[in-house]
Amino acid sequence: MFLKMMKYRFAVSEFARYDRAGMVLCLLGLLFVAFGCLLISQDAAAADGRTKSVSPLDEKNPLSNLWSGFYYAKKETKAMQLDDFGNPGSFYVEEGAELWKKKVGAQGKSCASCHKDASVSMKEAGVRYPVYFAPLDRMINLEQRINLCRQDFQKEKKFEYETRELLALTAFVRAQSRGMPVRVKITGPAKPYYEKGKAFYYQRRGQLDMSCAHCHENNYGKSLRSNLLSQGHANGFPTYRLKWQKLGSLHRRFRGCNKQVRAKPYAYGSEAYVNLELYLNWRGSGLEVETPAVRN
Amino acid sequence: MRFRFLKSGSCGCVKTLSWQRSLVNGACFLVLVTFVILAFISTNALIAAETGSETEENGLVKFQIINLIHSKSIQHSLSGKPGNPKRGEALMVNRKKGNCIACHGLDVFAEKAKTKPNIYADMGEIGPSLNGIAGRYQEGELRLLLVDAKQIFPDTIMPAFYRIERFTRVDDPFLNKPILKPQEIEDILSFLMKQK
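If you read the protein sequences in the order shown, they are chains A and B. Position one of the first sequence corresponds to residue 1 (my numbering), numbered consecutively onward. Position one of the second sequence corresponds to residue 1001 (my numbering), numbered consecutively onward.
None of these hints come from the bench; they were simulated from the model. Careful: at least some of the hints might be erroneous.
[Said to hold, decoys possible] In silico PhoX-like cross-links for lysine-lysine, where the CA-CA straight-line distance does not exceed 20 Å:
1) B:1181 to B:1150
2) A:222 to A:74
3) B:1097 to B:1072
4) B:1097 to B:1181
5) A:109 to A:60
6) B:1177 to A:259
7) B:1081 to B:1150
8) B:1177 to A:264
9) A:75 to A:60
10) A:264 to B:1097
11) A:259 to B:1096
12) B:1086 to B:1194
13) A:52 to A:109
14) A:75 to A:101
15) A:60 to A:102
16) A:264 to B:1116
17) B:1097 to A:259
18) A:60 to A:185
So that you can see chain A by itself, here it is in the shape it has in the complex (with noise of 0.2 Å):
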């Protein structure tokens, strides 16, 4: 009798030590699932290039990872974009919306008037710009597309590149695809300028002889004496740069480039300009739209 109570106070003793080991256990099988979603939601939540890099939808890109120049910017500067209220390019995408709005020409036809609710109808635009335009048997960006509507639809005069409206409109469409991945199209038509625009790309230019790859391909994430190099991707514009104090088109941009090469800089809406940023769009194609972004 005594030898059968010992046996099952054993028993019990023994259960009660494998349930708490078993809970313990549980628990830290629990926490860890946990954490693992934990890290799992916020890498969701920043694969954007910004503060992660995401991979190029293109396999064919010579970049692996793209990252976006945000990634590269100043802290201040930074968190100046993510600031609605701070970004100064919001100022120039409010005056977009009001000019979107606003009649003009002898039928007095808004943008709006063809297009109505911009953040529906313009929402892709901002991704897939610039495209082939069979009227002109060319590549046309953004800019030169709501140029196209004013004198065709509105019949009125174009807005010359780099004025506050030009800059506007287009930062208020682009800005429509906000968070949304660049994706261009380089087949069919396209193929042939997205060709040229490479070749420019690797072409060395300059006094200095270097080529945008040179920069942006071979040596991002260093640093060239004040400046730290991106990638050199088009994801942001049309960019406030703090050095301009202004909105600025991607062709300003590239003007900036080749002139600190000591090159000959093209024409704003050059067509040598629009094919380099058919090409610069692919190469960051997968990265999101950032307009209006803030950079150093």
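Starting from the structure of chain A, add chain B where the hints point.
What follows is chain B alone, placed relative to chain A:
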């Protein structure tokens, strides 16, 4: 008949001759190659002989391995005059001139950056450090490297500081002008030669 025989015979003769000639050629080539290799070994032996009198702690004779890969060089001063290292240093940090520190670091400059940050700070990281550069290159090689680095590193980002041809779309103010003048090259070179 006889004529024909002779003809075909001579033909055969020529054939064997050319075959023999190629053998002789081959042998000649081999001898030449051996000579070249021997010459290489002997120059190295000469170098060893120069320091051969001294011995290391471990008992072996001291020898110095030199890098013969970058054997291209420009031996003579471009200006015919020696360089001034002080002026060379100023040219190296000047953004409109050499601007070498846009890409290269140098400990001597890093030290000076502590007291004169506006002149020496923000050294770049694109090129290798120039510490001890005079120990890695001979003067003539460094001169060529400054004149046209692409002669040594074909794909390099480093500009050619004394060349005016084979460029694309140089902007008007810089057209047909080298980045640096001959004396400026010599000045920078004399500064580099002090970095042992």
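Tested hints:
no., hint, in the structure
1, B:1181 to B:1150, "18 Å, holds"
2, A:222 to A:74, "14 Å, holds"
3, B:1097 to B:1072, "25 Å, violated"
4, B:1097 to B:1181, "10 Å, holds"
5, A:109 to A:60, "44 Å, violated"
6, B:1177 to A:259, "16 Å, holds"
7, B:1081 to B:1150, "25 Å, violated"
8, B:1177 to A:264, "15 Å, holds"
9, A:75 to A:60, "32 Å, violated"
10, A:264 to B:1097, "19 Å, holds"
11, A:259 to B:1096, "13 Å, holds"
12, B:1086 to B:1194, "11 Å, holds"
13, A:52 to A:109, "43 Å, violated"
14, A:75 to A:101, "36 Å, violated"
15, A:60 to A:102, "43 Å, violated"
16, A:264 to B:1116, "34 Å, violated"
17, B:1097 to A:259, "15 Å, holds"
18, A:60 to A:185, "14 Å, holds"
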